[in-house]
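**Student:** Same order as they appear, the protein sequences are chains A and B. Heads up, my numbering is the position in the first sequence plus 408, with the first residue counted as 1. Heads up, my numbering is the position in the second sequence plus 408, with the first residue counted as 1.
Hints should not be assumed to be uniformly reliable.
[Said to hold, decoys possible] Which residues of chain B face chain A? A few of them, derived with a C-beta cut under 7 Å, are: (1) K772; (2) G773; (3) L774; (4) D776; (5) R819; (6) R823; (7) G824; (8) G965; (9) S967; (10) L969; (11) Q970; (12) Q978; (13) L979.
[Unchecked claim] Going by beta-carbon spacing under 10 Å, a handful of chain A positions derived as facing chain B: (14) R823; (15) G824; (16) T972.
[Said to hold, decoys possible] Have a look at the derived ranges for each label pair, beta carbon to beta carbon: (17) B/E927 x A/G782: 49 to 57 Å; (18) A/E1017 x B/K696: 53 to 61 Å; (19) B/P981 x A/Q1021: 28 to 36 Å.
Honestly, the hints are just simulated from the structure, not real lab data. Quick reminder that beta carbons are idealized off the backbone N, C-alpha and C, glycines included.
Protein chains: 2
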Amino acid sequence: MGGKTNMSDFGKILELNLTTWEQREFPVSEENVKKYLGGRGFNSRLLFNYTKGKEDPLSSHNPLIFGAGLLTGTPAPCSSRYTVSAKSPLTGGIGDGNSGGFFGPEMRFAGYSHIVFLGRSKDPVYVYIEDDKVEIRNAKHLWGLDTWETTARIQEELGDNNAQVACIGQAGENLVKVSCIINNLTRAIGRSGMGAVMGSKNLKAVVVRGSGGTLVKNRAGAFGILDEMKELTLTDQSFVLFRKNGTPGLVDIYNSRGVFPVNNFQKSYLPDATSICAETFKEKFALKSKACYNCVIHCSHFYEVEGSHKEEGPEFESIGALGPRLGHSDYASILKANHLCNRFGLDTIGAGDAIGFAMECFEKGLLDDGQTCGLDLSWGNTDTEFELLRMMALREGLGDLLSQGSYHASRILGRGSEDLSMCVKGQALISADPRGLMGWGLGYAVANRGADHLRAHPVVEYCFTPEKAEEIWGTAKAVDRMATEGKGKLIKWCEDVRALADSLGICKFFTRTAYLLPEQLAKLIAPVTGLEFTADDLMLIGERINNLERSFNAREGFSRLQDTLPKRMQLEPIPEGPSKGMTIPLKSMLDEYYEARGWDVQTGMPSPEKLRQINL
Amino acid sequence: MGGKTNMSDFGKILELNLTTWEQREFPVSEENVKKYLGGRGFNSRLLFNYTKGKEDPLSSHNPLIFGAGLLTGTPAPCSSRYTVSAKSPLTGGIGDGNSGGFFGPEMRFAGYSHIVFLGRSKDPVYVYIEDDKVEIRNAKHLWGLDTWETTARIQEELGDNNAQVACIGQAGENLVKVSCIINNLTRAIGRSGMGAVMGSKNLKAVVVRGSGGTLVKNRAGAFGILDEMKELTLTDQSFVLFRKNGTPGLVDIYNSRGVFPVNNFQKSYLPDATSICAETFKEKFALKSKACYNCVIHCSHFYEVEGSHKEEGPEFESIGALGPRLGHSDYASILKANHLCNRFGLDTIGAGDAIGFAMECFEKGLLDDGQTCGLDLSWGNTDTEFELLRMMALREGLGDLLSQGSYHASRILGRGSEDLSMCVKGQALISADPRGLMGWGLGYAVANRGADHLRAHPVVEYCFTPEKAEEIWGTAKAVDRMATEGKGKLIKWCEDVRALADSLGICKFFTRTAYLLPEQLAKLIAPVTGLEFTADDLMLIGERINNLERSFNAREGFSRLQDTLPKRMQLEPIPEGPSKGMTIPLKSMLDEYYEARGWDVQTGMPSPEKLRQINL
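So that you can see chain A by itself, here it is in the shape it has in the complex:
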């Protein structure tokens, strides 16, 4: 395809030093593909190699690495994803975010699988890449603009509305720890504070334009997958669910189980969720469906809030974090808050969590008049919510404190507020209450990038029967949300499989049920790359990636201690609803997890033998 000179089998690595403007290129070797695939996996390898440990995440010593997946931009279905990795200013450990849209494929079309930004520019710049051409351009005129303004201005200057722009808003510029990188206006590299790392480099945007394609070894085989999809798209539960309602449909699913957090996890159930259900969204706001590159699901929506704005979205996690966790179910306000986050470049989960934290501090009398800056932080005050988002992005007053995320804010505020921060390793919990979801809870606790549902994403209750669960994990209870048994093995397995999706650049909604098993993933890889992997080969790659990432954290001083959940999850039972009375007991699940991983149960870290065994 394309016939560009810059195309190598697995793309190239671009190393760009923003201090010296030095620029180097290397091909991605087959050896590295066989060990890490690409995307998140190879990003983590690069990050580990470019650092020694103990770097200040916001210093010039922290590399910022963009990585498209091995299958990103290829004919493989849902192959839109790319990962941005760096040491996280939020957790102090390995950090990354993953986003869809059209930016990742464009990187591949330009010939690059990975871009490593080193150093720090003296003045604001953006990087423009057009196939072989790599330019560091002045961005002084863009500094201070939000992500939408920035994208529009760049595309206008280039005279190219299809130039793919990944940029930061004011939040990233101001080193807000819960800031993100935005591409395609609403697609976010959301978690781990990657926006702040980009801001610390004075890098306002990365713009790519490629005229090449991606190598496809066996085109007929690659497109053959789509035949298989015809039936699946109509029958697979995940496809049907997400095609119909997108992630907003998860509101009812989690709320019906009583694990939908309200008022900063003080409750986890809305007796009446009508105003916030997917049907309401579709009826009142949605205009049409939207899809990322090469997507067969099209889970997203283009919507309008009359008199306010139009955009694509929203995601379930944004709904939870910006609505019920802050004490309201006002859909228009949720969408407005979501829009503000996108434009300022704030992570909706981290920002919502910080505001929920502040509102509970206010309720409990922990903020004095000076600290509240005159704001009424009562639950459900959406004016305060909007204002705090602005103040966080611009680091004004209380917003400056909250810009650190609730974990760091609570360490500054003290006075017992530490117990009101709903974080693991400094990263905010998502809106699925672990007290009623044992497997998810363990997943949040052990995830190397901090409270995270997507490292393990254990939705296996939907796709595996108890019999199948017993076969894989030795107990049918592994898929019982209320049981702790088998969860260690389950989460180990899920983490290894999910690392594959992130490294292939395939959407997790595609690999959620129908293409969950490694043997299915192998079938996607072979026709595109010509590389044949067995299921065992792939599971070993997944295991290697997770061990590598844990080794990164070990070097930073992490241990079993950080594999935990907020006190509330372990000590305060859910007060009402279908999961009433539940808390999450972690110890036995953690023990089982480390054993399943072959790690030291005391330290929660890989042994040298283990690392040798998986060739790390």
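Go by the hints and put chain B onto chain A.
**Tutor:** Quick look at chain B alone, frame taken from chain A:
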């Protein structure tokens, strides 16, 4: 007695501004005695009045208040105690320490019940008080000396070995948050970081010499108490226990219940405690008994460690904090560490806790090579222990971090180390594991000066039968260490009674069992002061003091959230020994406590109605 002109009925208040050298005096009014007695109670009132809230504890805006009790220095038995109060740099709330020896009585002999130090001296000074003469003297030549050197130098200069000196060591000078004030070489105002507040004022020592006495309204009545004591000193369990072994005898008592913390509370039982029991101490080190002013118990010992030092001590809490909590039972090393703490002016509990925290961090791999400063922080390494005490006092390397106390150190270190800090409100737990002592645990959680056994000191299991317990607190289980029932009412009652001892200046070992009840305390007060109190009058005073101190904390932004215990206490069962399997469930006990206090159960704070009711 004495016939000095400076004697008023209840002594005077001296206000001394160290910035301006202004000096004022006021008599203690009968009205204030009737509301707060003196000592801790009236100190707290003064502190509340001299502050507005939100002061930086180490700024010139924090007053430092020395207060002798209403009966301190009088013929009342065990009337040696004085209290030093200030806003605590360790907790950010109300702070105080209480000490025996001979300093408190000497304050009274000089005519002063309370001394309020305001402002901050530009250069190091000490204050010399001799009856009416109050002088601020240069202390540049004393700065950098330890407490023993300081005391010796001052007494030498004065040519008066009976001048009473309360001074700080290097720790207080260096604003170490776990520093104390030392009088009589080994008697400590230990908790809450009062040494750092004194250091922040550049006040090296307070020296008093009085030639007066204390007013005694009915001398025959006052001495009559001693007749009653003859029998008691031979029979009362507390007197017998402490006279025989002193507090070192508590080692066996706590260990036999499996609540004697080992390795930073990872365990709470020594299968063999021979080397650390009171008999070993007495056989190998003790030379003779020692007593404070007017004491009928003489719980203390003068001891010698051959080739090292001689001094008075040690207390049980120092033994626990400097021995088993750090992984060893080497008595000579404990005594040496205790001696170092006394000379540097470190709180043995806070310093030991900080080292135990560091050792567990080391065990868990949370300290890197740079942070350990080349020290081997393995459990039981006493050389490291000694070195860290020095480094804390001088704020060198790792000692600088630990000088903040484990709570603040963990907030700086992060990485999950927060869960290894055994503190409440920033103040370290004592060596009685709350997991096996429900009442004590609740007491630690709610104490206004942070984890503290002496606010409630619920030793009532020793002196009340189940029947008596049912009569006072409505349930016999109130005195069952393993039951949560009745503990809220119990701790409220104990706190109110204990506040009386602290405000009268009477030792808690005297009011531990035989003179525990308010009607007994009333009998001590009447002959000395001529004031007749009913038991109800006194209980109301105790309640008022506790409400006042909680109101101080409320002004600083405290709430129910801080009334908690470390995660370990609530989630990790004691792994072995007689209390194996126990954790402490706080919620129901807290609810009962706030109800018993008539406080808001949600906020844990007094309502305006409550404050009016008790005339605050």
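**Student:** A separate judgement is required for each hint: does it hold in the structure or not?
**Tutor:** Hints, one by one, checked against the model:
{"no.": "1", "hint": "K772", "in the structure": "holds (5 Å)"}
{"no.": "2", "hint": "G773", "in the structure": "holds (5 Å)"}
{"no.": "3", "hint": "L774", "in the structure": "holds (5 Å)"}
{"no.": "4", "hint": "D776", "in the structure": "holds (6 Å)"}
{"no.": "5", "hint": "R819", "in the structure": "holds (5 Å)"}
{"no.": "6", "hint": "R823", "in the structure": "holds (5 Å)"}
{"no.": "7", "hint": "G824", "in the structure": "holds (3 Å)"}
{"no.": "8", "hint": "G965", "in the structure": "holds (5 Å)"}
{"no.": "9", "hint": "S967", "in the structure": "holds (5 Å)"}
{"no.": "10", "hint": "L969", "in the structure": "holds (3 Å)"}
{"no.": "11", "hint": "Q970", "in the structure": "holds (4 Å)"}
{"no.": "12", "hint": "Q978", "in the structure": "holds (6 Å)"}
{"no.": "13", "hint": "L979", "in the structure": "holds (6 Å)"}
{"no.": "14", "hint": "R823", "in the structure": "holds (5 Å)"}
{"no.": "15", "hint": "G824", "in the structure": "holds (3 Å)"}
{"no.": "16", "hint": "T972", "in the structure": "holds (7 Å)"}
{"no.": "17", "hint": "B/E927 x A/G782: 49 to 57 Å", "in the structure": "holds (53 Å)"}
{"no.": "18", "hint": "A/E1017 x B/K696: 53 to 61 Å", "in the structure": "holds (59 Å)"}
{"no.": "19", "hint": "B/P981 x A/Q1021: 28 to 36 Å", "in the structure": "holds (34 Å)"}
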